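**Student:** Add chain B to chain A, keeping to what the hints say.
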Amino acid sequence: MVKSGSGGSTGDAAGAAAVSVRDLRVVRGGRVVLPDLTLDVPTGELVGLLGPSGSGKTTLMRCIVGVQKVAGGVVTVLGYPAGSRELRSSIGYMTQAPSVYGDLTVTENIAYFAAVLGLRGERRRREVDRVLELVSLTDHSTARVDRVSGGQLSRVSLAAALLGEPRLLVLDEPTVGLDPVLRRDLWTLFRQLGSEGTTLLVSSHVMDEARRCDRLMLMREGRILADDSPPAVLAATGTDDVEQAFLTLVDRAAGRSSSGSDTGQETGPETGQEVRA
Amino acid sequence: MSLSLTAATGDRVLRQIRHDPRTIGLLVIVPCVLLGLLAWIYQNTPVFDAIGAPLLGIFPFVVMFLVTSIATLRERRSGTLERLLTLPLGKADLLGGYAVAFGVLATLQAAVATAFSIFVLGLDVAGNSWLLLLVAVVDAVLGTALGLFTSAFAATEFQAVQFLPAFVLPQFLLCGLLVPRDQLPGVLEAISNVLPLSYAVDAMHSITTSATGGGDVIRDLLIVLAFAVAALAAGAATLRRRTA
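Those sequence lines, one after another, are chains A and B.
Count along the first sequence from 1, add 1025, and you get the number used in my numbering.
Count along the second sequence from 1, add 2, and you get the number used in my numbering.
So here's chain A without its partners, still in its complex pose (with noise of 0.2 Å):
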């Protein structure tokens, strides 16, 4: 359960906010994974969560479908605290390792989540062959898990999480190992629901796929170093390509940390913080 770590509920002027996150502390192993974490993900946008591996990006999107263990804060998700029975048909999340079952076909793995979303029958099968489409994956939905390649094993993982049409997507690293090609596709497909209203968190380690965001967040140590549209990132640390911001912004954190003054500036009142080490 998630504990209170500030007074109350934080119905703040973020009220419209599908995914808010406050205070937010996870220790993993004796590690402070995120020390303190306080961010929104606006309802209906597609959001990137930009960062290289071991940032926290992992345990973040964890902390917001309700699985991780976590030590202070609190992180509400379409209105209630993360990890609800209420959300559990709500959210759609695709972790990190595909994660299907390898002896199935691609239909009986999708038809047993399917199932478990309460789907039956006649609507069930209508729902899986429409996931399958999403994800061009219908001519290869007899075959089995184990034997196909992997960027279809992951875009199998893509449509178990697209069931049910769920109103939040947390998606982990969707696109990673995918050919130039599949990325363009996916990230298509990503635009096409979030501009039916579905809220996107997408994380990435691939700077250049922040470009095809609405918003932008850049994440380091388990810190928010921006958090913004990808074109007031890149005009606000003066770089035309979104990884010379982060490590603009990864330069500029590291020389002002001992003085404790902030990056506001750029990061927004939200993450303006974070520097503090």
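Cross-link-like lysine to any residue pairs, in silico, SDA-like; alpha carbons within 20 Å at most:
1. B:93 - A:1111
2. B:93 - A:1114
3. A:1094 - B:83
4. B:93 - A:1110
5. A:1094 - B:239
6. A:1094 - B:154
7. B:93 - B:156
8. B:93 - A:1113
9. B:93 - A:1144
10. B:93 - B:5
Simulated from the structure, these hints should not be mistaken for laboratory data.
Keep in mind the model is a prediction, meaning the values are calculated, not measured.
**Tutor:** Okay, now just chain B, sitting in the frame of chain A:
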């Protein structure tokens, strides 16, 4: 707990095994081969009649323990468990699904092994041989339940496999098969009284030796079932939606 979610999970587990015909083959054939070997070793002695039936209950217990431990560990490590726990699936639905699926497999295994023992190997059964089958299935469910529970404590496949000698062999040594339980040293007899496999073997023994031991068999059967339910409940308690 939802019947349809339990059924869906059981169906999924059975489909996984159906894609693995060699496992089904091993599951059905190995007990028959071992029982045949035993009957051959002890030909012209009463030993096979004495231990054949208890073994019919022990095989499904051991096999289902092992199969379930590995299956659940795979579910934990592949991330499918994490996904399922974010979905509207109750823990009881998941555990119940496994118990149902492996119960079905155990029925198949026990039916073939029992039929083979009676009709081919000439096992003498004084009581009702359908009861023999029923006890074997309940033993299998017990194995599944214990496997589900212990797999929570195994971080790797190596550890899971070693839980077999750790949890199963002591029960095997003390269940009355090697030395009748009332002839064991007092302390060991007391220990055997709290181990579920003892009651499974007692039940099998009653069925083969007495045509009228129905009451004792039912009592032993209920004890085994109670152990299975307790292990499933303990297994549910080890399944945490939130992990570190």
